[in-house]
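One-letter residues, chain by chain:
There are 2 protein chains.
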Amino acid sequence: MKTTDKVLAGNIRAIARLLTALECNAPHGFQELKELYPHTGKAHIVGVTGAPGVGKSTLIDSITRNLRRKGMTIGIIAIDPTSPFTGGALLGDRVRMEKHNTDPGVFIRSLATRGASGGISRAALAMTHVLDAMGKNIIFIETVGIGQSEIDITRITDTSVLILTPGMGDAIQLMKAGILEAADIFVINKADREGAESLRVELQSMMNGKTDRPIFLTEALTDKGTAAVAGGIVKHRRGLVLHGELDRRRRLRAGYELTTAIDASIRDIIDAAMKKEIEKLADDVVARKLDPYSAAGIVFERLGALFKSNV
Amino acid sequence: MKTTDKVLAGNIRAIARLLTALECNAPHGFQELKELYPHTGKAHIVGVTGAPGVGKSTLIDSITRNLRRKGMTIGIIAIDPTSPFTGGALLGDRVRMEKHNTDPGVFIRSLATRGASGGISRAALAMTHVLDAMGKNIIFIETVGIGQSEIDITRITDTSVLILTPGMGDAIQLMKAGILEAADIFVINKADREGAESLRVELQSMMNGKTDRPIFLTEALTDKGTAAVAGGIVKHRRGLVLHGELDRRRRLRAGYELTTAIDASIRDIIDAAMKKEIEKLADDVVARKLDPYSAAGIVFERLGALFKSNV
Chain A
1 MKTTDKVLAG
11 NIRAIARLLT
21 ALECNAPHGF
31 QELKELYPHT
41 GKAHIVGVTG
51 APGVGKSTLI
61 DSITRNLRRK
71 GMTIGIIAID
81 PTSPFTGGAL
91 LGDRVRMEKH
101 NTDPGVFIRS
111 LATRGASGGI
121 SRAALAMTHV
131 LDAMGKNIIF
141 IETVGIGQSE
151 IDITRITDTS
161 VLILTPGMGD
171 AIQLMKAGIL
181 EAADIFVINK
191 ADREGAESLR
201 VELQSMMNGK
211 TDRPIFLTEA
221 LTDKGTAAVA
231 GGIVKHRRGL
241 VLHGELDRRR
251 RLRAGYELTT
261 AIDASIRDII
271 DAAMKKEIEK
281 LADDVVARKL
291 DPYSAAGIVF
301 ERLGALFKSN
311 V
Chain B
1 MKTTDKVLAG
11 NIRAIARLLT
21 ALECNAPHGF
31 QELKELYPHT
41 GKAHIVGVTG
51 APGVGKSTLI
61 DSITRNLRRK
71 GMTIGIIAID
81 PTSPFTGGAL
91 LGDRVRMEKH
101 NTDPGVFIRS
111 LATRGASGGI
121 SRAALAMTHV
131 LDAMGKNIIF
141 IETVGIGQSE
151 IDITRITDTS
161 VLILTPGMGD
171 AIQLMKAGIL
181 EAADIFVINK
191 ADREGAESLR
201 VELQSMMNGK
211 TDRPIFLTEA
221 LTDKGTAAVA
231 GGIVKHRRGL
241 VLHGELDRRR
251 RLRAGYELTT
261 AIDASIRDII
271 DAAMKKEIEK
281 LADDVVARKL
291 DPYSAAGIVF
301 ERLGALFKSN
311 V
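As you go down the protein sequences, you meet chains A and B in turn. Quick note on numbering: the first sequence equals residues 1 to 311 in this note's numbering. Quick note on numbering: the second sequence equals residues 1 to 311 in this note's numbering.
In short, the hints are calculated from the structure, not lab data.
As the list makes no split between identical chains, a pair holds if one copy fits it or if it spans any two.
Mimicking DSSO-like on lysine-lysine, the simulated pairs with C-alpha atoms at most 27 Å apart in a straight line are: (1) K280 x K42; (2) K289 x K275; (3) K235 x K224; (4) K289 x K34; (5) K42 x K6; (6) K34 x K276; (7) K34 x K2; (8) K34 x K280.
Fair warning: this is a prediction, and the values are worked out from it, not measured in the lab.
Next up, chain A with everything else stripped away, as it sits in the complex (with noise of 0.2 Å):
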């Protein structure tokens, strides 16, 4: 049996090894992607950012449970940040979410970011489509932060959801930035405390007009408004199909995926053929022999001429 039909059979240790060999960035892995890929193109990405401590996991667990209720099957990809000496990943309060390992509707992956920028995005949107082909209708991408890689991975989800928690103080300053725009759905969780409907306030002030976008409060520890939430998302799903926005922003993820994936292949060129070259350059650059721009134009003609051979 070849991969993709296991995976398509739903066959856990072939799903498992399949994302290993995307997140680590394995040639064959891709390749299988793309015999997958027809039968991908049905599940929902919902994006969940949010600060470390905001209560991501325990809201995505929470959710979880509601959409299940409703007959919902649910891909899980986390997002953890990584060692970039050891490469090692931390599980943390996920733990908490290992009941879901007995509900064969719930598949939970978590991703460990290391290497390059931009590294990350990529694994998580070749992860969806294998947790899209195995059937999963709805498919959250939790992560951390708010680096620029977090801001991407909002942009290219079908419906993004940012947790905020009160008293978060500069984090609201941020917010104005940039993710409160990328947002689509608003979380204040932890509502139990003080300064819950200041912020609720506060984040309406902010938004103008724009009263599309809900805030939700709630308790996600004890489940408390959570469902609305969950209801919330199916919402803004069916406003997005509604108004042809879908079809927008899977263009944009399938350009976003696309170049990700030239990029790749580019860095795996110069890996390849340019890594001894490239340090030596790098010498220089430190001796003040040439400046960083000219080492560049350097590798890049050097590229040119590998292109012109191999392609």
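Chain B: place on chain A using the hints.
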């Protein structure tokens, strides 16, 4: 007078213009940087990272005043998160640093993060060369949060400072996972809050034997403890030079800068010559006529053909 000479002469308007060109990735900016590059290599680059609200600006402000008293000149590059849609930047509490504006020994520049991943790090690095050529002794790069791009920056500075505050909870878990290992100096700011000492103990136990990395407790708002951090940075630099580690880090940084410059050149070619084609391919990908990886292959071949005719 050429831009290079103006910059070397400390002409603030010429410097600001060049920095803007670099921020916007304007080719002439990098052309001018080539001429400036031989005048660089003296400054010490310090990365300052921490979650929103830990007091990064306040700490840099206090350290700066301290280093100024020792006669050192300071450059500060503050990276703001920015809307991917509006391109607008936020200044926030950075306004309080304006008092430095009357001190010619301090140069502050805020960098709006926009566009693709890697773009910020690229612009920030390019800017350090300008401040370096201006003769600034220590250049701070202030980054928010814990995204992948921030890790990149942390990996390529000479000295990396991580700021924490008591009661950060989950944040510690994050640190375990990567940033912790990339940091050279730890600062527990707002140390008057409960939990500062236990955070220190926790950090220390995480580091096991690697006791060469100091942990400083500060209350940056009142300058408490910040002189020690300033001293710690100077001491760390001495250690780097002593162990030949400074050169290793600078080679890493040069390699990174080179690679991102190549990436940017390729991106430019693709944007200029293949944007329409990529959009069409993305449509086919959304329609499942084509998978993203085969589409990338098509673009890749076209790129090769472009190289053949252009290089």
